[in-house]
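Starting from the known structure of chain A, fit chain B onto it as the hints suggest.
Protein chains in written order, with the working numbering: chain A, 1 to 163; chain B, 1 to 209.
Hints should not be assumed to be uniformly reliable.
Here are the in silico distance ranges between beta carbons for each label pair [stated by the list, open to error]:
| # | chain 1 | residue 1 | chain 2 | residue 2 | range |
| --- | --- | --- | --- | --- | --- |
| 1 | B | 48 | A | 130 | 38 to 46 Å |
| 2 | A | 100 | B | 43 | 29 to 37 Å |
| 3 | A | 112 | B | 180 | 48 to 56 Å |
| 4 | B | 32 | A | 96 | 36 to 44 Å |
| 5 | B | 91 | A | 115 | 45 to 53 Å |
| 6 | B | 194 | A | 114 | 17 to 25 Å |
It should be emphasised that the hints constitute simulated quantities derived from the structure, not laboratory data. These figures come from a predicted structure and were not determined experimentally. Yeah, the Cβ is synthetic: ideal placement off N, Cα and C, and Gly gets one too.
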Amino acid sequence: MIRRLVPALALGAALLAAPPAPAAVGDPAERLRDPALEARAQAIGRELRCLVCQNQSIEDSDAPLARDLRRIVREQVAAGQSNAEVMRFVHDRYGDFVLLRPRLTAATALLWATPALALGGGALLILAMRRRQAAEAALAAPELSEAERARLRAAERDGERAA
Amino acid sequence: MSARLPEGMERGGGTAPPEAPPRNPWRRRALLLAPLGLAAAAGLGFLGMLRGLRTGDYDPRGVPSALIGRPVPDFVLPPLEGSGRPGLAAADLRAPGRPVLVNFFASWCLPCVVEHPMLMRLSRQGVPVHGVSYKDRPADSLAFLRRHGNPYDRLGVDEPGRVAIEWGLYGVPETYLLDREGIIRWRWAGPLTEEVLRHDLEPLLRRHA
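This is chain A alone, in the form it adopts within the complex (with noise of 0.2 Å):
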């Protein structure tokens, strides 16, 4: 069991541990010069999706639309935009959808919430049940009176005497 346990914990950390691979599309003509800068724009990039595709990143994919919102990601950091700003510029005019890490609303709080929550009622499940093993356990198998218990050592004497 722990013999199987170690390589696979091993591999889950290292796969944790991996950086991201890093994003194969876009003509190398449009990246930014400054590698810092560039950097940050992939960063940004990556974390905005591309609304043809929907389930790649801007910095995945190849769709016209997504090569434009690049641009413009790579535009407004060498204009000295934080990353805030920039991502608030997307989010602007594209709206939570854009956004790969949806942002913590109302109406996201449950999508957020359910780990936490299938976390917590699994545990709960396994308390009660637990608890309720113990108990059939204690009643299977009452503790011993001090009597019976004198009873038992005096038994257990006797064999002792006669081996």
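Frame of chain A; chain B shown alone:
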């Protein structure tokens, strides 16, 4: 402590094992039925989704416009040379005094051909329709309008597609309805059809007239 002792001794006395707590039969039944109920609810929800997909009420790929309830964004677009129509700018759409439509189209877009008769009809009915030619060569747009008719009062050319992004456009055709104050009230992504006109656009035009 000492007061609880007799009770503890009594429990420890254990000659006869205490009886298991009585189970509520209703609780058992409810636990048994809960997954069934859940599955039934999920099934109903799924059926509703399928129905919505068929009737068009539910579109999982539909992107709601972020501009609803807002005035048109700032922009100026040059006219399409040879169309005989002036260009289009935000200034033309601020407080137009009556509801107007702004339609993004391209000659390379097949659904635009499909919806074109609807735009012609609306224009004939006296609804002001303005057009934006999106990512299209001007000569191609011109040929498209010569062939299918020109429903547009004003016509801007957005060859780079930058103004379209100000509008939150994500494909062509898209049609926006502005009220008399120039506030965007409705956006349709996809071709206008007889159905869309009857169910959505015409009631809105009446309401904002």
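Each hint tested on the structure:
In this structure the hint that residue 48 (chain B) and residue 130 (chain A) lie 38 to 46 Å apart at CB holds, the actual value being about 39 Å. For the hinted restraint 29 to 37 Å between residue 100 (chain A) and residue 43 (chain B), the CB-CB distance of approximately 30 Å keeps it satisfied. Against the hinted window of 48 to 56 Å, the Cβ-Cβ separation of residue 112 (chain A) and residue 180 (chain B) comes to about 40 Å, which falls outside the hint. Against the hinted window of 36 to 44 Å, the Cβ-Cβ separation of residue 32 (chain B) and residue 96 (chain A) comes to about 40 Å, which satisfies the hint.
Taken as a hint, the range 45 to 53 Å holds for the pair residue 91 (chain B) and residue 115 (chain A), whose Cβ atoms sit roughly 49 Å apart. Here the CB-CB span from residue 194 (chain B) to residue 114 (chain A) is close to 41 Å, at odds with the stated 17 to 25 Å.
In summary, the structure is inconsistent with hints 3 and 6 from the numbered list given earlier, while agreeing with the others.
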